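Asks: As they're listed, the protein sequences go chains Z and R. Number 1617 in my numbering belongs to position 267 of the first sequence; there are no gaps in the numbering. Number 316 in my numbering belongs to position 92 of the second sequence; there are no gaps in the numbering.
Check before you lean on any hint, since a few could be wrong.
[To be verified] With a Cα cut of at most 30 Å, we get these calculated BS3-like pairs of lysine-lysine:
id: 1; chain 1: R; residue 1: LYS344; chain 2: R; residue 2: LYS411
id: 2; chain 1: Z; residue 1: LYS1501; chain 2: R; residue 2: LYS473
id: 3; chain 1: R; residue 1: LYS285; chain 2: R; residue 2: LYS473
id: 4; chain 1: Z; residue 1: LYS1501; chain 2: R; residue 2: LYS285
Rather than coming from a laboratory, the hints here were simulated on the basis of the structure. A quick note: this is a predicted structure, and the numbers were derived from the prediction, not measured.
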Amino acid sequence: MEQHVQPHHPVVALPKLGLRRRLAPYLLGLPAWAYLGFFFVVPLVAVLAVALETGNPDQGYVLTWHWSELTSTISQYHVQLIRSFQYGAISTLIALVVSYPVAYWIAFYGGRHKSTLLFLVLLPFFVSFVIRTLAWNFILSDSGFVLGTLKGWGVLPQTFHVLSTPSAVIAGLTYNALPFMILPLYVALEQIDRRVVRAAQDLYASHLVAFARVVVPLSAGGIFAGFLLVFVTNVGDYVNAAILGGPGTTMIGNIIQTSFLENLDYPTASALSAWLLLGLLLAIALYAWIFGTRRIQEYA
Amino acid sequence: MSAAAADVPEPVAPAPAVVRPRRHWGVIALGSFAWLVILYSIAPIGVMVAYSFNQATAGGKLTFSWLGFTTDAYRYVFAISDLTEALVHSLEVASIATIGAVLLGTPLALALARYRFYGKTLTDLTIFVDIAAPSIVVGASLLSLFISLNWPRDLTTIIIAHIAFDVAFVAVVVRARIAGLDRSIEKASYDLGAGPWATFYLVTLPLIWPGIVAGALLAFVLSIDDFIITNFVAGQTLTFPLWVYGAVKTGIPPQVFAMGTLVFAGGIVLAGLNALWQRRQPA
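One chain only, chain Z, in its complex shape (with noise of 0.2 Å):
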């Protein structure tokens, strides 16, 4: 049919095209391949490399392979290090426990008006992070308008705040992670055929046994995409500790923003973000190890 439709094309075109289709990805791919190569992979290689240098910021640094940097910073910050990886993890179970719901509701009851629940769950996203969280800093404060109220109505102590405290810390950090979270549930929720769920009603399971073993395990994708997005957002995170935490919540992104930022000791910067790099990749592997590596493949 081909030859008929391109009777005068000579044969000598198809091994061009061939040619030209075997290049064709390469030649697409070039210019996002040499910038991220630039920007993104090599950084991030030689920023665990920094870690092995010694200097001061006067005089610059050198590469001396000094490992008892990593540690040197471990010894050091270990307490900043653990705790980010407790908020991390409390924050994000919280968030999972309270957005799988919404999005389940969202999923299989929102009808026709799924997509403007979904936008309400988005809107957040409208307004900047920042703000957001300084929003949090106006409700929570000591004088705002909830505890402030709730004091002159007697049914609080005085002395009784929530900034400066872990659990503002972890407040906020949940409440910054619910989109990123209803999002990818609602995604593999939504693509639940229902007739999955009947046939396994039909078969006598009740309401709760077949969304324990069918709902929850056909959505394991969209659970571990809003684990990984939150997890890992949330335990290297120090804008919440910065704006709702105080001296004694300190994470580990506070420590790197500051050695990197304010006191230019970019080996313990870099040493303290190697160590975060690590453990993130322990608690991922620990994850794919308890929840199994497939459907983590499969999303991947």
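The hints should help you fit chain R onto chain Z, whose structure is shown.
Replies: Just chain R, lined up with the frame of chain Z:
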């Protein structure tokens, strides 16, 4: 698929009618909970809008307590010159970074969706890590690069950093759009004598355009709101989130909330227009 499922006649329920009301109450409880979460997630937006109408102190800062209703923050919204400058920087960075990311990410998406080639798995992995890596490490690593190259940190380095994370998101979104396309339309174009370039401009590009728009919107939103990576590579230059963060310690002028409210309103209008446009365009 859901429409097809709805057409399937309901099987005769073997369960007695007593079960129905119980499930009904469960759904109501679920719905109420969902509405509470939605209200909770938009509460800070209400606070932002409300406090943008609060009377500032003599020093031009907002207090936690209500000092009276005023529209001064909107009348003098651009009165703080370095805040206005920061907002302009944010808009510049987001626009340029979005264009850069689309120009780099769209061809990459075409390569990933349409061809098999050496390094495909590595490319997928790089995109995945780019999206999943913690911002603080990405920001720290880029700053190391700029320091070792002796590049001064300014608007250019911010744009470079933003393109580096936007590309991955554009590539993922556009690729999803390409994957869902029917390739026979392009084959038909070739069969009708169009060359690869003519086919790309007249057939492929219009088909993947919604994907490019979606990817560009995502890139723009991520750029304009980015704080952590920008904070590392900005040097003395301030974007809107950086300015606000810096002002937390010294006090927030009401203009911050007024600008936030205006940007919010603008975003809602754009989203509404986009929804209308998509409804008019079939597929």
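Asks: Need the list of violated hint numbers for this structure, in ascending order.
Replies: none
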